[in-house]
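Assemble the whole structure, with the sequences as input and the hints as a guide.
Chains as they are written, first to last, in the working numbering: chain A, 1 to 414; chain B, 1 to 302; chain C, 1 to 268.
For the record, the hints were derived by calculation from the structure and aren't laboratory data. These numbers were taken from a predicted model, which means no experiment stands behind them. A few of these clues could be false.
Below, a sample of chain A positions facing chain B; criterion: calculated Cβ distance under 7 Å [to be verified]:
hint, residue
1, V180
2, I286
3, V382
C-beta: ideal position from N, C-alpha, C; glycine also.
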Amino acid sequence: MTHLKRSLGIGLWFMFLTLPLMVVRVNTVSSEVEWRWANLVWAGLCAFAIAWLWQFSIERRAAKRAQVAADAHPQKRKPTLAQRLADDPVLNRRVLLGVGLLAMAFPWLVSSGQNFYHVNVMVSALIFVVLGLGLNITVGLAGLLDLGYIAFFAVGAYTYALLSKNFDLGFWTCLPLGGVMGMLFGIVLGFPILRLRGDYLAIVTLGFASITKIVLENWDTVFGGAAGIANIPRPDLFGIELDGRQKAIYTYYIVLALVALTIVVTNRLKNSRVGRAWMALREDEIASVAMGVDMAQTKLSAYALGAFWAGLVGVVFAAHNSFINPDSFTFMDSAMILAMVVLGGMGSILGVIIASLALKLMPEYLRAFAEYRMLVFGAVMVLMMIFRPQGLINDMRRKYEYDTADKEDTDGGK
Amino acid sequence: MDFEYLFQLLCGGLVKGSIYALIALGYTMVYGIIQLINFAHGEVYMIGAFVALIISGVATLSGYSGLSVLIVAAVVAAIYAAAYGFTLEKIAYRPLRGAPRLSPLISAIGASIFLMNYVQLAQTPDFLPFPELVPEFEFMEPLLQYVSSVDMVILVMTALTMVALTVLIKYTKIGKAMRATQQDQVMARLVGINVDRVISATFVIGSVLAAIGGVLIASRTGQINSAIGFMAGIKAFTAAVLGGIGNIPGAVLGGLVLGVAETLGAGYISSAYEDVFAFGLLVLILILRPAGLLGKAVKQKV
Amino acid sequence: MAASNERKKLLEVSGLTMDFGGLRAIDNVGLDIFEGEIVALIGPNGAGKTTFFNCVTGIYEPTQGDVKIHPPGGATRRINGMKPNRITALGMARTFQNIRLFPAMTVLENVMIGRHCRTHTGIVRAILGGAATAREEKESVDKSYQLLKKVGLAEVADEFSRNLSYGAQRRLEIARALATDPFLLLLDEPAAGMNPQETHELDALITRIRDEEKVAILLIEHDMKLVMNISDRIYVMEYGKEIAQGTPQQIKENPKVIEAYLGEEAHA
Ligand SMILES: Nc1ncnc2c1ncn2[C@@H]1O[C@H](COP(=O)(O)OP(=O)(O)OP(=O)(O)O)[C@@H](O)[C@H]1O
Ligand SMILES: [Mg+2]
Chain A
1 MTHLKRSLGI
11 GLWFMFLTLP
21 LMVVRVNTVS
31 SEVEWRWANL
41 VWAGLCAFAI
51 AWLWQFSIER
61 RAAKRAQVAA
71 DAHPQKRKPT
81 LAQRLADDPV
91 LNRRVLLGVG
101 LLAMAFPWLV
111 SSGQNFYHVN
121 VMVSALIFVV
131 LGLGLNITVG
141 LAGLLDLGYI
151 AFFAVGAYTY
161 ALLSKNFDLG
171 FWTCLPLGGV
181 MGMLFGIVLG
191 FPILRLRGDY
201 LAIVTLGFAS
211 ITKIVLENWD
221 TVFGGAAGIA
231 NIPRPDLFGI
241 ELDGRQKAIY
251 TYYIVLALVA
261 LTIVVTNRLK
271 NSRVGRAWMA
281 LREDEIASVA
291 MGVDMAQTKL
301 SAYALGAFWA
311 GLVGVVFAAH
321 NSFINPDSFT
331 FMDSAMILAM
341 VVLGGMGSIL
351 GVIIASLALK
361 LMPEYLRAFA
371 EYRMLVFGAV
381 MVLMMIFRPQ
391 GLINDMRRKY
401 EYDTADKEDT
411 DGGK
Chain B
1 MDFEYLFQLL
11 CGGLVKGSIY
21 ALIALGYTMV
31 YGIIQLINFA
41 HGEVYMIGAF
51 VALIISGVAT
61 LSGYSGLSVL
71 IVAAVVAAIY
81 AAAYGFTLEK
91 IAYRPLRGAP
101 RLSPLISAIG
111 ASIFLMNYVQ
121 LAQTPDFLPF
131 PELVPEFEFM
141 EPLLQYVSSV
151 DMVILVMTAL
161 TMVALTVLIK
171 YTKIGKAMRA
181 TQQDQVMARL
191 VGINVDRVIS
201 ATFVIGSVLA
211 AIGGVLIASR
221 TGQINSAIGF
231 MAGIKAFTAA
241 VLGGIGNIPG
251 AVLGGLVLGV
261 AETLGAGYIS
271 SAYEDVFAFG
281 LLVLILILRP
291 AGLLGKAVKQ
301 KV
Chain C
1 MAASNERKKL
11 LEVSGLTMDF
21 GGLRAIDNVG
31 LDIFEGEIVA
41 LIGPNGAGKT
51 TFFNCVTGIY
61 EPTQGDVKIH
71 PPGGATRRIN
81 GMKPNRITAL
91 GMARTFQNIR
101 LFPAMTVLEN
111 VMIGRHCRTH
121 TGIVRAILGG
131 AATAREEKES
141 VDKSYQLLKK
151 VGLAEVADEF
161 SRNLSYGAQR
171 RLEIARALAT
181 DPFLLLLDEP
191 AAGMNPQETH
201 ELDALITRIR
211 DEEKVAILLI
221 EHDMKLVMNI
231 SDRIYVMEYG
241 KEIAQGTPQQ
251 IKENPKVIEA
261 YLGEEAHA
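Here is the structure:
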């Protein structure tokens, strides 16, 4: 009953909040005022429903935490599906194989003749998967909140565009160069700022991305200004002529390979000495340095590596679109990649892949959703932090193999 | 050296800087109390400007105009901004007290994106003209080549707001509670201060200041859209850091310095790169003097 | 203290002073630790004990004074202002008064972080893999697991560290610090929050660590029973100053110490 009352109150409060913005619209050109009272009702109803759910969820969250705290034998908890998948190497391999085959066959299944729209969409989505995985290193694993990640993507894209335009360099030469340029920018920028506190870092990276965009927009002699650079060559395949569909499929395989590479590399790093140090820094900087982790070096490596992937895939982006301009590299794009990492679960590779595909494909296929996309992403970021900070499927523990035998005697000399 | 031009730039910079200062105060006060960069603060400022636009728009079309409309619009805008700031804290930040440090930050970014797009969808992504409500004051005649009437109103309003804020913080009960909470939250709780209320009050006050800033800047630039909060927010944050985050006089000083530096840079070098100067300044200050101009370096307790 | 002089000195602190703004948290404090010793640092709340640890382990840079270490089999170093990770690499490791574990990492991984400064795999080798990398990883895992066994946490090795009980978390911190192969272990209130049974076990654990791992131990502790039981020597601080040092017996009888503690009781 108290819930009902509170929800009613909250509903009314939101009707008050949304009153001017959602109801009134002043059209100064035609000197008219538009009154949209229906919106007010909707706002009130939605707020009421959400408030009810909210209270319920907050209570559940508290109960769950209390239960975990009281749990004397935490090991006996039922493992999640993802945990079982990770713990079972045979199942793991089978699922991987299945997904891999499906991914290989995908372009042939959905395209024909002149119709390769779905392939192009998937190429864009996979580009964002690489971006998501790259940012996952910086934010998810190392806990460095980078709000300007898209800038490194821009660095890669412009590297290819400029090198191919001015020096006639091919895609395959530029691909590694794009990655290296991204990494160099990461190092040069990261070096002075990585010792800043987490929240300052966020703002400075944001500033850096804005500066990059402003420079790209205004220095038109080099970067083509707001109009950007057109006629960027597509990836070449030993000089063989490809038609539109073949080009799209070829690019698809290139990104797919990059995705696979990113997954392998990130996975290896994550389960290594380096990855553990990143995570430790994310969890507690002071404890990490006190345990012997070199903060500057470790952070820089995470930052530069994240930038590397963005630069690399930026080259693919430029080649795929054959046209780039500064509008592809806005804060909203950085925010979207961040939303992918947050939704997928900080550090979870599988989660980030799924979230990236979902966030990129949904607006493409659900046009109605496209308009509300950023609104939803924003809400998702808030809600995830409150109700599922570990992400959709990140509750995984890595299990190590160890000798349980006593080693007292053999371990004599340290 | 053209002194007249310089003087014009300086005045323009001060006007701009005082707006930054108004917004920066919200950042600094919130940061001082809960050590959170309230990314959505710029959005509250934008909402303030929008509410004022709607009120004054309706009023203008109904035949009212002049300074009184501006005042009414500003009051309503302040009330709404306060309501949004209050709600924002309750929803996006309060459930995350004690969470890992990245969580509230990400939540704040999410809230900022949400609010920006909410206004864009509820109103329009385009720029809307803001009615001219400040009359040309006659006594301004001799000064007009340096500061317009609007600028004068901005400077005066900012000064008045600062005085009011100082009084509030120095002499009222809530002000004292705020200062106590800023110094030591645990102790404040122990001596019976309702910390939750203090935090809410901080958001409300900060939001009111931002709304005043929003109304003033809108009447100066004559147009607004849903994206203005983003840049203004970053700039104001820069100002807060410049002055020493958590430090109230620092935010004012930082705002003024930033406004002047930016205007001078734009005036003498290139206006296209105006934002670059601001960010450059931010990066420099963070690297050279992270505690800011007036802030004290504190060591984190371990 | 004739006996001590024959042994090798490990840590030598002299004239240590630390100011925070106007507050002098530590005022001209000296302290020596010899091989194989358990030394306790005690004093009322706010005496500056934790700050002393922070100065010695590089978290803070002392305002004045010298912190020198003499690693067994290594050259004497002055470590003021050195980065914490370098000091740890040189052979001093610590635990924290307010437990600072890595909550979203498993218990075993927490200890493995302690192995970080004794292992070498970098980004390239981590990506390429290979036998040497795998061997190093395996060694790290095994060594960490043995340490968990030592502190009695082997069964929960794969659990998230945040799910452990308070006492278990304190022991995990000790295991993590030991994983850095220190010659001197600094424990900040290891018994805080433990029940009497756990404290009793801790007592045995600390002595065992000293004997088996061949490390000297400096501990801050409020539990006087524990302190008197296991320490060879005790230093007492009050308001940032060192007011006494000696064997447990001497400290028990020292009027200044009694005054400091009774005074505290009277205030509380
Ligand atoms: N980073 C810091 N900045 C300012 N003052 C500090 C800082 N760290 C410690 N202090 C002050 O230094 C004094 C000593 O603190 P410290 O934590 O060393 O005491 P302690 O002996 O460990 O006490 P306890 O037994 O309660 O742990 C206290 O007055 C404390 O407030
Ligand atoms: Mg202490």
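Okay, the hints, checked on the actual structure:
Annotation: V180 (chain A) was flagged as interfacial toward chain B, and the flag is violated, the nearest CB pair being 23 Å apart, outside 7 Å. The interface hint given for I286 (chain A) holds, since its Cβ lies 6 Å from the closest Cβ of chain B, which is under the 7 Å cut-off. Contact between V382 (chain A) and chain B, as hinted, is supported at the beta carbon level, the nearest pair being about 4 Å apart and thus within 7 Å.
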